[in-house]
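Student: Residue strings, one per chain:
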Amino acid sequence: MEQIRAIWRYGIKVGIIGGIVLILTALIGMIEVFTQRQIIADVVSMGHALYLAAGLFICYLAAERTTPAKPLWIISNSMFAGLTTAFFLVLLIILGRHVNLRLMFINASDLLLNNLLTFGVQGNDGLRLLLIAGMGVGLFTGLFYLLPKFLRTVILWSLAGSAFAGVLQELIRPILANNFPDVISEWLLTSDGLTLKGALSIFIFIALIVISWSIKGGGIRQGWQGLPKKQQSTWRTIGTIILLAVILIAPWRLGLFMSEVMTIVGLYVLLGLGLNIVVGYAGLLDLGYVAFFAIGAYVTALITSPEIMNLNWSFWSAIPFAIFFGILAGVLLGVPVLKMRGDYLAIATMGFGEIIRLLVLSDALRPFLGGSQGIGQIAKPQVLGFVFKGPQEIYYLIVAGCMLVIFVSWRLKDSRIGRAWKAMREDEDVAQAMGINLVSNKLLAFGTGAGFAALSGVIFGSKIGSIYPHSFNIMVSINIVCLIIFGGIGSIPGVIVGAAALIGLPELLREFAEYRFLVYGIALVVMMLIRPEGLWPEEAHKRELHEDKTNEATG
Amino acid sequence: MPTKFQRWKERITATDIVMWFIGFALLVFIILGSILTLRAGRYTPVQWFDFVIYGLAQGSIYALVAMGYTLVYGVLRMINFAHSEVFMSGPFTAYYVAAYFYRSSLLESHPVICLIIVFIVSMTISTLIAFLLERIAYRPLRNAPRLIPLITAIGASFTLMYLFRGLYGTGFQAYPVWEIFSGKWALFKGLEIGKIQVFVIFAAALVMVALYLFIQRTRIGKAVRSVSEDKEAASLMGVDIDKTISVTFIIGGAAAGAAGVLYALVFKQVFFMMGFIPGIKAFTAAVLGGIGNIPGAMLGGLLLGLLESIGPALFLDGFNIAAPYQLKDAIAFLVLVLVLIFRPTGLLGERLAVKKA
Amino acid sequence: MKRSLFLFVGLFMFLAASIVFAAPPTDPLGVVTIKPGEPIHIAYWFVTAGSDSTLGIDTKRGVEIAIDDIKNNLLGHKIKFDGQDSGCNAEGGQAAATKLASDPTIVAAVGSNCSSEAKPGAPILWNAGIATVSPSNTAPYLTDPKRGPTYDGYLRTAHNDKVQGAVAADFAFKSLKVKKAATIHDGSVYAEQLANVFAETFKKNGGTIVAQEAVAPTDTDMKPVLTKIVTAKPEFIYYPIFVAAAGHITRQVKEVSGFEKVALMSADGAFSVDFYKAAGESAVGMYHSSPDFEAFGKVYEDFIQKHIKKYGEKTLAPFHAHAYDAANLIFKAIEKVAKQEKDGTLYIGRKALRDALYATKNMKGITGSINCNQYGDCADPRIAVYKTSPENVKTLVMPKKSFWKPY
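Residue numbers (the working numbering), protein chains in the order written: chain A, 1 to 555; chain B, 556 to 912; chain C, 913 to 1319.
Source of the hints: derived by calculation from the structure; they are not laboratory data. Any given hint could turn out to be false.
List time: in silico DSS-like cross-link candidates among lysine-lysine, alpha-carbon distance up to 30 angstroms [unchecked claim]:
hint, chain 1, residue 1, chain 2, residue 2
1, C, K1313, C, K1166
2, C, K1166, B, K750
3, C, K1166, C, K1086
4, C, K1173, B, K750
5, A, K389, C, K1058
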């Protein structure tokens, strides 16, 4: 009896949720679209890998939730989860035979329902096979779950690594071709996917790394802590130098596209660090941050382009103007919102962002700002005849910008102003009572943040060569807010990690078009649920989140 | 705590003066523009009347959506960014029901029943989505700092938007025409009013009044109000917080589902991003009226609708600005900022909220 | 720095070429070698995500149907067709083009969708020796004689706005004999350009433009702006915008009094079955400028049938046919320049391919006869005006016979 209840609670219930999730995955066309991409050439397509991985994940959840964790219970629950999931898919397929689902769900194609979901077997045999496969996946997962934890970790990491390599093969190919002899590339890749031997070698390679790290890792960490302070700092310096060297040669080793991605991430790091001052340090939620980015870009365009004002000044002369106007705008827009708090502030700043975009787009200001045709022919930066033209050169400009901004925010963080901001973030009234001038500190935060954004805008304008109002929509602001919280609010490395994860990854996955936004959305939700402090949180903030759970959120 | 007078006195600073200056400059601009437009006499009184009707019809849809934002804000103190997708999901799904009625010509023979069914389907789906949203995405984060649920909401918004895009496709669908709503009623002296506008305004008003009474008069409504005032105290008094919050999402979802059908009846086109812009507008409306405050949401929605419809013609036409309707959102946001300068918590203030927001 | 990049690409080519034993043909920009069994890689850069994605998906499907029509077999090789989302903005175009440029297997590209993407993107592709054919860029700048050598690898099968806007103005003034017209654009590069060209030509013809308004592509309530236009008393409204907003305007014109006798006209951006869905019966009697496809009607109908069969829905946006033609343009050019070994190995010279694309003359496409000029404008310049009948809306079929032709 007890066991039956467990099957219901952990097996079938999980299976029902899993069935719904899998049906949705199938109906949004993900499986069908992804079958066209091979992970391991002629062995596993991405669609089937996704299909199987989802099934495995569901059964794994069922196994993991089972209490008490008796082996037999785990296996039976996992099998029931698999069976239930498969049962739901069978229902979908049968429904699809009697009703034209495509009238509503345009991706419910015949190919999907009667071929892909049943592993290529048609008719009722396919349905039977699907049910058996569901149980089989359940059994496999259950057995897998019974393996020692260490082995599981190794296998999961290695599987994930191989799958990742398969998904990103398009990126790996030019990198391999650039840096390694052709033999490696031929060993690992064919024209549409990994080779079987390549996938196996990646699997083994990652497994070896994970195993050796878990054996030696602890020892290394201890050894590090055992080192005398002085030696530690020498090693740190060496580490920093190596890191710098890697950063400097990276674009030429990784090729054109990776450099492009790194420049885009770099631009968002600049933006993120700026907004981090406003939101992370001073606690002012600004949803119209793109306005300052736009101001930076437009000032650069007006000053350097022959199209509107015909000034044709150099890129370098645009920087001080852009930053000046950025800061000015930050302060000017900051004044009316000084008294607003929380969401009123968010919505008012969002309004500013939209107003700026609408103004640059408008026909009314077209003679001065280019309207919907934008402004083109923006100057590229030049030093002594060297032109920063492609992403591989602009990259250095952005790295320099990032270093400057990282340095400034790092110095600001623990300065007098930084502490004032922090006090303001925690409680405005108390901060004021302690003698902190809210007005000047808030304006300083807005101004600094705006200045960083304008700098980013300058580089963006020059990188892209022609700017259009559509590039400065509200989604940019929202993305920046997301990335600083995803990375860990208030934390400088967090911004970098957040930008790499939320801007870099979608950029790498550009070919997956709409699905990357779906994944982006799911990633935001899941991340906030399991790790609300972000990827690389500020120490103080992390402590706060984990100790003081009852802390009522007020703004 | 210093007394109110002391606080007031110490807060009058140079910035206040600058703020007021900005505020008055905007005000003067708006008034001057209106005077110039009216003196130019470009629009007839009938046309002004039309502007008002268009604005009210659009505004009442905003008001209904804004209700969902306001209710959620009242109980959770968070911007439910995904509410725009709650608004989208209902009518987008109900379209397929409406299309079926149209194909089978039931729509012609029983238009009212069909309409009711479409409303029910849309409201059910929106309610379901809102309910699941709260259970899956927001409930585990009940006590997290304010920004965390904001990001979750943005994430949920993306997820839902692209989920529905995957299910129903990228293209948009167009609702069939209900013959009972096409055409106009002639009033007097050349004044005419579209049937559909009348229906939308009345239906929205009905839903809003019903909601208001529900919140004010029923036991559950009382629970919602108590939770929005003080969660801990409410829970001590035996109010089931989780259930009450779920109810709030359900009410907001139903209102959004109804608003979605009204929107689809007026504008016909439904597609996966249809919620984004109305969502932002409705949130703006909620803030304009004073977020957390139900009459405020109504007022804010109507005002925003009117501003979008009349604003460009009234304020900008007099200055002969090119293509003024391109700037209608800019006007709406400017007025919002203006209102917030003089009333930092919206037109009607946060009645339900006692704590500082 | 350009030289180093060329060197870089050249090195790639060299490496790719040196795998094969035979001495490959040479080409100043490098040669793509396709071994037996390997596919010919053609890539797209379209907007396939976000609010403008109908445009990208529509054009992508156009190319996919073109591939189906040659049975996925070009000179004995399959075609590998994949690509990148370009986002309908300049930065997306730049990123997508860079990604394509870094893949040495790509023979040619189709794209972009929005002119703002092509402006930064096309030079990046050409820098890597990849020629690109756009099915939907219409901005005059891209094929202007002054565009400069960085755009040498760029062609398009979509119409230059200059042609289409002028035809609309001539039609309004000469055929409908209206003297007062109003324009509405949606802030896109395409619509604003068309509206401006229309206004210029209309004024040159001797008419007056009484109102030039703009909306946002996401606007739904057009009645206020229409009320403003009605006060200027136009006889003709030209709104060359996209399906969604054009649908709203067309419907709502009927709800605003004072427009009873005003003629409505839009452009090919809203000339699709989707538009009839959006506008409903209000579309009856309105005019569209569009390529003159009378002579090619049958092929186009077949295309639509294939589309419905393959994707379960009707076409999404107006540029699928141009995309189909763009793909065929590339296939034909590859057939012309590819050197084939006995074992099936193909060599495609990049410069040779580009030149072959530019040399295309009198290719029968479904958007008309494709002729490329020396600046890459390939679209059939024959634009006709179509009038929508009640049957068109009822049966969701595009008008077959044109209403007016400028020639």
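Student: Against this structure, judge whether each hint is valid.
Tutor: Quick rundown of the hints versus the structure:
no., hint, in the structure
1, C:K1313 <-> C:K1166, "holds (26 angstroms)"
2, C:K1166 <-> B:K750, "holds (13 angstroms)"
3, C:K1166 <-> C:K1086, "holds (25 angstroms)"
4, C:K1173 <-> B:K750, "holds (22 angstroms)"
5, A:K389 <-> C:K1058, "holds (21 angstroms)"
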